[in-house]
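> Chains A and B are the protein sequences, given in the same order. Numbering-wise (the working numbering), the first sequence opens with residue 1 and increments by one. Numbering-wise (the working numbering), the second sequence opens with residue 1 and increments by one.
Be aware that a few hints might be false.
Said to hold, decoys possible - With the Cβ distance kept under 8 Å, some of the chain B side facing chain A (calculated, not the full set):
| # | residue |
| --- | --- |
| 1 | Leu29 |
| 2 | Glu38 |
| 3 | Glu43 |
| 4 | Gly48 |
| 5 | Lys90 |
| 6 | Gln152 |
| 7 | Val169 |
| 8 | Phe175 |
| 9 | Asp301 |
| 10 | Pro360 |
| 11 | Thr364 |
To be verified - Taking lysine-lysine pairs in the DSSO-like style, the calculated list, with each CA pair at most 27 Å apart, reads:
| # | chain 1 | residue 1 | chain 2 | residue 2 |
| --- | --- | --- | --- | --- |
| 12 | A | Lys5 | B | Lys142 |
| 13 | A | Lys74 | A | Lys132 |
| 14 | B | Lys362 | A | Lys29 |
None of these hints come from the bench; they were simulated from the model. Quick caveat, the model's predicted, so the values are computed rather than measured. Each residue gets a CB set at the ideal place from its N, CA and C atoms; glycine is no exception.
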Amino acid sequence: METAKIKLNTEWLSDCGGCHVAVVDLHEKILDVLGAVEIQHCPVLTDIKEYPKADLGLISGAIRSEHDRECAEKMRSSCTHVVAFGTCAVYGGIPGAGIVHTREEIFDTVYVNNRTTRTHKPPLRSVTKLEKLVTPIDEVIDVDLYLPGCPPHPAFILDALLALIEGRPARAKKESICARCKRRMTKSEVAHIKANHDGVPETDTCFLSQGYICLGSVTLDRCTAPCPNNGVMCTGCAGPTMRVLTEPNRDIRTEIADRMSNLTAIPRPDIIASMERSSKTHYSYAMASKMIGAKPTFLIKKWIAEVEEQQ
Amino acid sequence: MNRTITIDPVTRIEGHARVFLNLAEDGSLESAGLIVNELRGFERILVGMEADRMPLITARICGVCPSAHHLAACKALDAAAGVEPPPAAKLLRELLYMGHFIHSHALSLFVLQGPDLVLGLDADPAVRNIVGLVAANPEVAKKALRLRSVGQKINELVGGRGIHPVTGVAGGIAFQLDTEKRGMLTAWADEALVLVQELAPVAKSLLMKQLETHQSLLTDWSHPSHYMGTMQNGRPNFYDGLLRVLDPAGKTVREFPTADYDTILTESVVDYSYMKQVMLRADGQEHAYRVGTLARINCADAMATPLADGELTAFRAAFGHPCHATVMHIYARLIELIYACERAREIMNSPDLGGETRVPVKFTAGRGVGHVEAPRGTLIHDYEIDDQGIVRAANLIVATQHNYLSINRSIMQAAQSHVVGKDDDGLLNAVEFAIRCYDPCLSCATHALGRMPLDVEVRQGGLLIRRVRR
Chain A
1 METAKIKLNT
11 EWLSDCGGCH
21 VAVVDLHEKI
31 LDVLGAVEIQ
41 HCPVLTDIKE
51 YPKADLGLIS
61 GAIRSEHDRE
71 CAEKMRSSCT
81 HVVAFGTCAV
91 YGGIPGAGIV
101 HTREEIFDTV
111 YVNNRTTRTH
121 KPPLRSVTKL
131 EKLVTPIDEV
141 IDVDLYLPGC
151 PPHPAFILDA
161 LLALIEGRPA
171 RAKKESICAR
181 CKRRMTKSEV
191 AHIKANHDGV
201 PETDTCFLSQ
211 GYICLGSVTL
221 DRCTAPCPNN
231 GVMCTGCAGP
241 TMRVLTEPNR
251 DIRTEIADRM
261 SNLTAIPRPD
271 IIASMERSSK
281 THYSYAMASK
291 MIGAKPTFLI
301 KKWIAEVEEQ
311 Q
Chain B
1 MNRTITIDPV
11 TRIEGHARVF
21 LNLAEDGSLE
31 SAGLIVNELR
41 GFERILVGME
51 ADRMPLITAR
61 ICGVCPSAHH
71 LAACKALDAA
81 AGVEPPPAAK
91 LLRELLYMGH
101 FIHSHALSLF
111 VLQGPDLVLG
121 LDADPAVRNI
131 VGLVAANPEV
141 AKKALRLRSV
151 GQKINELVGG
161 RGIHPVTGVA
171 GGIAFQLDTE
181 KRGMLTAWAD
191 EALVLVQELA
201 PVAKSLLMKQ
211 LETHQSLLTD
221 WSHPSHYMGT
231 MQNGRPNFYD
241 GLLRVLDPAG
251 KTVREFPTAD
261 YDTILTESVV
271 DYSYMKQVML
281 RADGQEHAYR
291 VGTLARINCA
301 DAMATPLADG
311 ELTAFRAAFG
321 HPCHATVMHI
331 YARLIELIYA
341 CERAREIMNS
351 PDLGGETRVP
361 VKFTAGRGVG
371 HVEAPRGTLI
381 HDYEIDDQGI
391 VRAANLIVAT
401 QHNYLSINRS
411 IMQAAQSHVV
421 GKDDDGLLNA
431 VEFAIRCYDP
441 CLSCATHALG
451 RMPLDVEVRQ
461 GGLLIRRVRR
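The task is simple: from the sequences and hints, build the whole structure.
The following block contains the structure:
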């Protein structure tokens with residue numbers, strides 16, 4: 001008899017499917033994983049509808065509907081270890097940015113007052129009701145391992161899976177994007193914040209030094225930094241660093257403001273004000289998480305309302 | 001009393017989806033449809049965000065075709081700012097996209113539909129999957145998987161990452177190609193072109209064999225409709241061009257720029273589904289229509305590259321024009337896969353590839369509409385942007401929506417020819433196959449190792465009288 005394989009269940013909730021596709025992008029390495037696990041419940045790979053007992057469970061996506069909640073609970077009760085797989089499961093991700101709107105507002109935009117839609121009422125039959133909020137899975141079930149990333153780079157997926165299979169801690173470091181970014185921080189005389197589209201950024205210098213808001217220094221590296229190394233500011237898709245998450249008085253905007261005001265001639269309050277004005281942009285991936293949402297100074301609904309009122 | 005058969009879940013289209021079949025007392029089919037059971041509300045979520053983040057944020061609509069959303073967003077921003085990206089940027093965007101098409105079409109053809117073709121629609125479900133495919137023909141399977149990988153590598157190198165690419169920006173592309181990357185891309189493009197020429201004859205002969213065995217695929221599943229696809233000089237172009245509309249007789253009835261889409265396409269709510277359906281206005285009437293591989297091939301005067309054009313000629317000679325057989329989405333996908341490989345190679349030879357890749361942009365209050373042909377059909381992004389560069393309204397029409405009316409009609413046809421009066425296994429296969437022909441977003445990459453899970457409930461007067469699962 002061969003050695004018993006690790007039994008694996010996976011499930012996806014409210015997300016784009018990209019985390020599951022990322023597993024396919026292990027390319028030839030996927031065979032190492034497939035050799036070590038027995039895939040059971042996995043809506044993309046198998047036709048097992050029940051949730052058999054499993055050693056390991058991967059859940060991607062946030063909880064948006066009652067159906068999502070039920071699936072998460074079934075995964076928890078069937079799996080010994082549960083991994084929150086990807087930013088949506090860990091922090092809510094982009095679907096989580098739906099929390100600042102009521103269901104009625106969403107229905108109104110999509111179905112009632114929409115440029116090309118001529119009917120004026122939302123669907124009523126057969127569809128599962130949306131919940132009031134969007135919820136990261138650890139507010140509903142216990143989670144044993146967090147693997148954020150949008151999606152996590154396949155190298156981190158392999159590390160996490162092998163760690164759980166081999167019963168060892170994951171090797172992934174808890175560094176920020178800056179650790180892998182090739183740009184250099186320099187002191188500059190830049191006096192105003194630039195929008196992303198102001199001019200064309202210089203290729204070797206830190207975006208913050210140039211006056212562009214980049215979230216690399218407050219974002220956990222689960223991607224190997226493709227954005228700043230290809231000329232694009234980090235938008236925080238893997239979620240915040242431990243420092244931001246764990247300290248109540250530290251936040252994405254205060255951390256960036258401290259760093260950027262040291263690197264440039266831009267006053268700290270200007271940076272804070274700018275980031276609050278664009279809070280829906282800067283907090284888009286993590287706003288649904290209580291680790292960000294419950295901070296005493298985090299007033300995203302107020303900030304967004306102020307911007308919308310200007311309209 | 002009526003019976004209802006529910007197939008749940010069929011596949012994922014932005015979430016869980018299921019099929020219902022309503023049978024009348026005499027067992028005849030009354031109605032059938034696909035229920036899409038998830039809504040995230042992107043059109044609301046995007047409002048209030050910085051416009052230049054749209055290529056990154058909207059990629060998250062779909063992990064299967066993120067490159068399509070990424071580029072549609074870039075083009076909508078270009079239009080809103082009134083800029084024209086430099087030639088090198090357009091080429092790089094298109095190259096990124098050819099990589100995505102190679103990955104997506106190879107996966108769909110060889111991994112999703114491959115098992116149907118190699119092992120046959122009647123094969124034992126336990127082996128009718130990619131594992132069974134590898135066992136039956138390991139050399140073909142290996143080459144097919146390699147072709148998918150090479151496509152994704154091209155997508156990743158140009159896009160910065162494969163899933164949720166990052167390099168497309170308003171006004172161009174955020175990096176310039178160096179010699180090292182150019183060398184890698186050229187090698188991959190060469191490899192893809194060799195692989196596709198080895199795989200194409202195999203795929204074709206397998207498809208022909210299934211058509212001989214199941215002749216109803218061509219007869220009963222013919223579905224005359226309007227078609228829409230993007231053309232440049234009458235040749236399909238995935239990245240840019242005019243939208244052409246063909247009537248069921250094969251006559252071009254409209255050709256319009258994307259910016260006019262809202263005067264031609266009309267969405268409406270389907271009472272039982274979170275996904276809206278779309279109709280098209282032409283000749284003073286509204287029509288259901290199809291987009292995607294077969295639609296583009298039907299709209300084409302010719303293909304822009306030689307091998308693909310030869311294949312189109314052979315296809316037309318065998319199956320006529322326009323071809324209404326839903327199963328021919330597969331053949332059309334093969335023609336497009338050949339085109340994508342040839343086009344990628346062609347781009348690598350272009351002298352313009354090394355130049356400037358970005359022009360500065362400035363948003364003045366206004367609106368921008370952009371579109372691309374996603375692997376599964378036309379994808380439209382429309383943003384209203386204020387003078388601060390903030391999105392004030394967003395409207396999106398995705399590929400599967402255009403096809404929604406037709407998918408429901410194909411489910412009806414599949415049920416009628418293969419279901420009514422036949423055993424439940426035939427029903428499952430036929431409905432599943434009909435849906436897969438459209439490759440609806442997420443009958444996708446991620447079904448890579450198997451078949452769609454199906455659960456059929458037969459109800460009479462609300463009571464469960466029979467249940468089939470696999």
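> Provide an ascending list of the numbers of those earlier hints which the structure does not satisfy.
Hints 1, 5, 9, 11, 14 not satisfied by this model.
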